[in-house]
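Chains as they are written, first to last, in our numbering: chain A, 1 to 304; chain B, 1 to 612.
No lab work stands behind these hints, which were simulated from the structure alone. Just to be clear, a hint being listed does not mean it is correct.
What follows is a set of in silico ranges between Cβ atoms, one per label pair, in the way DEER data are often shown [as the list claims (entries may be wrong)]: (1) 153(A) with 465(B): 46 to 52 Å; (2) 539(B) with 194(A): 54 to 60 Å; (3) 539(B) with 67(A): 54 to 60 Å; (4) 72(A) with 473(B): 53 to 59 Å; (5) 122(A) with 386(B): 46 to 52 Å; (6) 439(B) with 67(A): 48 to 54 Å; (7) 126(A) with 187(B): 54 to 60 Å; (8) 149(A) with 320(B): 25 to 31 Å; (9) 126(A) with 309(B): 34 to 40 Å.
Below are the DSBU-like pairs computed for lysine-lysine, each with C-alpha atoms no more than 35 Å apart in a straight line [stated by the list, open to error]: (10) 156(A) with 122(A); (11) 172(A) with 156(A); (12) 122(A) with 315(B); (13) 315(B) with 172(A); (14) 12(A) with 156(A); (15) 315(B) with 156(A).
Glycine residues also receive a C-beta, built at the ideal position from the N, C-alpha and C atoms.
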Amino acid sequence: MADQLKNSLPKKPLLEIAGLTRHFGGLTAVNGLSLTVGQGELVSVIGPNGAGKTTLFNLISGLDAPDAGSVTFEGRDVTGLSAERLAALGLARSFQHGRVFGNLSVLDNVLVGAHTRLRAVKPRIPLVGPLVELALALIRPPSVRAEEERLRAEAKEIVRMFGERLTPRLDKPAHSLSYANRRRVEIARALALHPRLLLLDEPTAGMNPTETAEMLEIIRGLKARGLTILLIEHKLDLVMQLSDRVVVMDHGARIAEGLPAAVASDPAVIEAYLGHKAVGAANQDTGQDTGQDGDAAVPVRIAH
Amino acid sequence: MLPTTLGPWLDYTINGLVIGNIYALLAVGLALIFGVSHLINFAHGSVYMVGAYIGWLCVTKLALPLPVTFVTVAAGCGLLGAVIERVGLRPLRNAPRIAPLLATIGLSVVLDQSAQLLFSPDPRALPTQLPTWRIAIGGGSIGALDLLIAGVGIGSAGLLYGFLRFTKLGWAVRATALDRDAAQQCGVDVDKVNRTVFAIASALGGVSGLLVGMYYNTIDPNMGFQAGLKGIVAQLIGGVGNVPGAIAGSLLLGLIESYGIALFGTSYRNLFAFVALILILVLRPNGLFARARRLPPEPLTGTFIAPSRPLVLPKWAVWALAAAALALPLVVQQPYLLQTLGNAWLYALLALSLTLVAGTVGQVSLGHAGLLAIGAYASSLLALDAGVPVLLAVPLAGLVAAALGTALVYPAFRLRGHYVSIATLAVGEIVTLVILNWESLTRGPIGVTGIPPLSVAGKPLVSGQWVYWVPLVVLLAFAALQSRLLNSHLGRTLRAIREDDVAARSYGVDLNRYKGLAFAVAGFIAGVGGALMAHFYSYINHETFPAPVSMLALTMVILGGLGNVAGAVLGAAVLVGLPELFRAAAEYRMLIYGVVLLLLIRFRPQGLLGTV
Ligand SMILES: Nc1ncnc2c1ncn2[C@@H]1O[C@H](COP(=O)(O)OP(=O)(O)OP(=O)(O)O)[C@@H](O)[C@H]1O
Ligand SMILES: [Mg+2]
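For reference, chain B alone in the conformation it holds in the complex (with noise of 0.2 Å):
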């Protein structure tokens, strides 16, 4: 299997740069707005994915010459970037510093749900018009398609590099991204500065979109969700907001992948991407090229969570509320409201889960679906392979998530702010990426099938009644668990993790500690979801729980306020509950929550309920 001679490396090599140079327009992108704005930009993979489309349509629609769809695709792209910065972010420069990250979050859902309703989620072709040639050296080939790559990556870069050293505006950029405050006394226009790099940014991405596109000659509305995540990872490795130090990286990620692709196989390919990130932010949080260890910069006091008061519910009315929804069976009896409402518990136990980490404790994960993929998986395969009952096998899926899930999160937990987001996201995929790939205990690409149904006395719990009163039963024992967690001494503590762990930890906090019980409740939560989810759905796959879940359930969280117990049932209620119940069509489910999310951050940080 291993090539022996040297002409298949080259080839690996070539391709290794190729991909490198695709991924340093992104992360130079990434570097520059994380330099004016310090933030890392979410959405920027979606512009790609925009970039990609611009692309087809000049291509097949209109069928350009291959520098004007260039063009086209620059400018289209530069313009989505400087609409993101002025609608998305700029409303959002003086909120907290969760807001603009969350609100990257929700246009890149916007925009990949936007896509998805106008050209279809099916992948299509994006030829190129290049000649087909290719140079044959030393065992090797170059094609034009490769050189045009290359060239592209080259002049951006030099005309970046002009750019920032030769002109006005460039000059205000790189006196912004060296000390915003400073450069605004000075007269410098930092929102003109923003809009100009978000511009540039997105121009890089939308090219680079394109040339993916070209290069591989297929393009699709979810393209840009790992593009994105390689950007940013191409932008860790050479330590954020570094430009140079993007293109390095970049071009390391892509012979990484390239390299491991020949020594292990395509289906491996993603996954050392999210194992480099996960090694970058462990060990070297600055970047490969960052000398010094440097303190976190104070003050820090505060900036993450808005101030809020949150709507304390009387307890009359928990317990009528709880009373009312366990007696909803008894009044209506339409199987598919119940088996829809029954559903939205199933979603609150994730949402549940993740407003212990998010909220309470800050840790504003991102990969929180894996968690439900574990506990569902571990469930499925301890009752179908090792034969547990599964009525066990729920509660012991719930403590293998909460292992599993602390133990892959744990590197992360020395980690702040948008680094964890980044982390977890990484940890979510590359859970997927192992069930994907460890066939011989998950069997796969073709998922579970034949998972039991949760029985009581070999009477199975299938019928509408069951479906919604089990879940409903189980998400209130948890909630009421999770209330009474709050309400000790651990609630003050892991919420003054999230207030100011500087401070937290001068008073004795263990931060470790803390974080790490916090995701094993987590984990257990959203283990047994999961678990739940596989018994009532009898089939589950690497795809079940996709990273779109997170997001949603990032959604429910924030809709039903931080931390926020009662508002994490809310939250799904409303995000699963109403839609299904007003019949939206599914496919505008997604584009929804995304402008749910966006909403909410803009207008409403604190959510229904409150932070807590």
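Bound-form chain A, shown alone (with noise of 0.2 Å):
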């Protein structure tokens, strides 16, 4: 198995997780995790609930800083960079409650995805760079126009990806959309950053299995696509049929690491979740995101 498991990494890792520890207050969220995920490999990171899987991707993406290790990303040391700086460097994440821009449109939303490629951010000297942003957003030569309606249209391109969910809604406010269409419009934005490596935390929480059959479908072909994945997800048999590789984190740390077949029948893996769960109610397919509990339960289902 350790040979197979060899021979399925790729060569050029994409991201390395090394040591990574982060602490609050007494509790340990993350603790010495490593971890890496090679160009174009899609990499799920399973765990019971609070095992500190969200955690590791707020490490990873910048919105928080680890207490020790260090996350090197195409072979760069960006430990502890800011968030904005990372997603310049091509990283995308989506939020495990949703995070869309409530007040702006479904097209909005998706061009704040583009943001880092603006042409007119991209100048970062201090005073002048803002300066300069603002003269072009004002003055809007033929160059800036051009680039907008360039983007608009690309984003409308991404949109039709989701099929008829949201592109009769384009210009409708993100607030009025349904939960799933919300993860949706998460995707679309974090494809408009032109991701090198995309997080995605629970895309599929609280979605049906139709919708999340849908979901299944995207993220293959974006895997399809080349892009590089680390995918966080709680329901199991899209975790096995998505993933190259399977991470399964308890209490902060890697219990079980491997490919998915292999991992879905670890004894630590399956003792992982027998412990924190007694085997129960499994809602995976209730279609609401019950927040916290509920989910745990589903991973059992490889216990048999």
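Using the hints, put the two chains back together into the complex; each one sits in its own frame.
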């Protein structure tokens, strides 16, 4: 199995995490975690509620800074870099609880995703950069107008990926969308960044089986296009179908890693899930985001 | 000038502790309220003022004995607190987080203005019936009133401790402060807890007002504003929601002020508090006594501004309205009317500026009048002292206001939500205080006289039509620019920051850069507005642009719809124009604004034209 794993590891890691640690008071949310994601790979992170998955994403994406350990992105040490710098380097993420810009239209939400690609925002010289940006926004020379048109067309193209779900709602404010549609907007926004690495935090939370299946196809499509994806997901069948590799976390640490099938039968993994939740009402498909609990019971299925 | 013996220092220390004790009575209440409702209560200072006036009635009109006066004040203010909670805040429980904050501002305006109407704006004496002996200790001395204040402070702290620790309701208060939802699920009546906390906090605040009135032997209807701010500062020093921290912070603030006065003089008193506030907010936003760095709790999405569907005026309507406004002086010739509307257009510049930062970027600034003041002083002084032609001085003043305003608020860029409001409020106060104290530049309390009017080719533009046209043309130009800005990529970027700054950062939006841009543009617009005001008024001083002007601007912005350019103009026209045209007596005007603000928050939070 170790050999198999080694073979499936691509040569050039896009993301390398080593010994990442984050404490919250007495609690160690992420504990000496190491992880690599190769170019074009889809790696899933699973684990019971409170395992530290979202915290891990926050550390990678620069919203939170680790107490120890390092993050290397495309061979460059990016530990502790701010979220906005990481976005500029090509890292995009979605949020577990959905964070769309409520009073912005769907189209504008997606366009914010392309923010780092705008030429006007590139000059980072203090004082001069912002003033140039202001001048460009007010004067709007043809090049700026052309860029905006191009991005708009592209944003519509991205939204079309979700079929008829979003396209008719392009000009609707995001707060008027259904929960599932907001998740779609988040993914569209992430794609508009042209990410080198995409972090998805439970993209199907709160979706019904049909919607989940659609989302699975979309992620599969992204993967086929060569996008590198790090995925947090509680729905195990989805993880099994999509992942090249699965990393299992518990209490902030990695307790297993490997091919999906191997991980699913790992006793330590089963133990971790059983230890956290009694086997019980799996509500994977209730279409409601119950926030904390509920979803955790689902992975127990792999114990069958 | 500096005292060299120990005696005066002892006096300053005692004085600092006494004042600190008074702040503590305010700060503890604010901390309790923050604990259970996560709200910084801007109406707290007004309750303190009401306490002083109830005390004044008891002492001078009813000649009640001192203990009865105290009980009456506590009861009266406690009741007021419960009423504030019931009518002002409970209906807003599920409203966006900005709503209760604005409601407390509205309530404070209403209370202050009512007191002014009832008791006149003039200060009154509040004599104590206490004996006048003083005990000399080590070169300093302590009077009966000092001891009373200390006693009341310590006594209240003891009572409060007992209440929180040993009563069922006190337990409920602590449970609610710890975790509101969990407490509710355990059967805690959260409404009752809130009511109780507001009552207790307000009773303490009222007693504090009474004590201060006695201490300085003077009270006035506006005494609450500064005091409420001091309470907030003290609370922030100790860490918001932290009751023992609030007491420590208050004593510290009292000492800082007292020693500061000893070293630099009385007129700097408030400056120390506000500079301390900014320092605390920037360096230790969780207070002096907090330990670990904390992440903001999730999720924060869409909690600040209400979702809304703005009313979009068709292009032709905008052009028609602008043309009609421009043509008005051809039809209407009464100078008074034109002057009033001209004034409304000047205020509309302020509203335009505020709606950009408060509405579009979601940074609810409460010190916006400070930008007017900077612009007004810059332009006047450039014209008078540097001999710059007025036509050039006005845009230069805009640049000065843009640069200075952004630099002053810059430290607060890392703050969020209510903290931004507090910081900007403090910045506004700092501007006023610097103007007052930097006499060599600003002429201090005397103000600037003989400011030359705007003139073109040596012809001063002072007649009725010009007083109308100049502001209108400038306003239309800025409104057009701002609309253009909002239609560009900057518009969506700025609004994204308002909607969810964490998500915005994750998509590469550098918050400092864009907040800085917004404040710079806003500073320029308000600076030009202030400069025009100065050249039309020909006289300004540090009180020409007081804090209530900031509140007025906020009311205009909310009336029109947050972030809404047309709304800002409409809000200014309605709030400045209508009361004037209906000849509403000047003294009722602020009261009307306060009531309008409250009604809007309650019944039409998206304003007339909607949030954009
Ligand atoms: N900002 C914070 N402050 C304190 N504790 C935190 C913070 N963020 C997360 N935690 C704690 O860290 C632990 C890990 O949380 P995290 O959200 O990363 O888990 P998760 O694996 O994403 O869980 P879920 O599957 O429920 O999303 C939890 O115990 C959580 O309470
Ligand atoms: Mg999570």
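Going through the hints against the structure:
no.: 1; hint: 153(A) with 465(B): 46 to 52 Å; verdict: holds, 49 Å
no.: 2; hint: 539(B) with 194(A): 54 to 60 Å; verdict: holds, 58 Å
no.: 3; hint: 539(B) with 67(A): 54 to 60 Å; verdict: holds, 59 Å
no.: 4; hint: 72(A) with 473(B): 53 to 59 Å; verdict: holds, 57 Å
no.: 5; hint: 122(A) with 386(B): 46 to 52 Å; verdict: violated, 38 Å
no.: 6; hint: 439(B) with 67(A): 48 to 54 Å; verdict: holds, 51 Å
no.: 7; hint: 126(A) with 187(B): 54 to 60 Å; verdict: holds, 55 Å
no.: 8; hint: 149(A) with 320(B): 25 to 31 Å; verdict: holds, 30 Å
no.: 9; hint: 126(A) with 309(B): 34 to 40 Å; verdict: holds, 38 Å
no.: 10; hint: 156(A) with 122(A); verdict: holds, 24 Å
no.: 11; hint: 172(A) with 156(A); verdict: holds, 13 Å
no.: 12; hint: 122(A) with 315(B); verdict: holds, 33 Å
no.: 13; hint: 315(B) with 172(A); verdict: holds, 21 Å
no.: 14; hint: 12(A) with 156(A); verdict: holds, 33 Å
no.: 15; hint: 315(B) with 156(A); verdict: holds, 26 Å
Checked against the numbered hints listed earlier, the structure breaks hint 5 alone; every other hint is satisfied.
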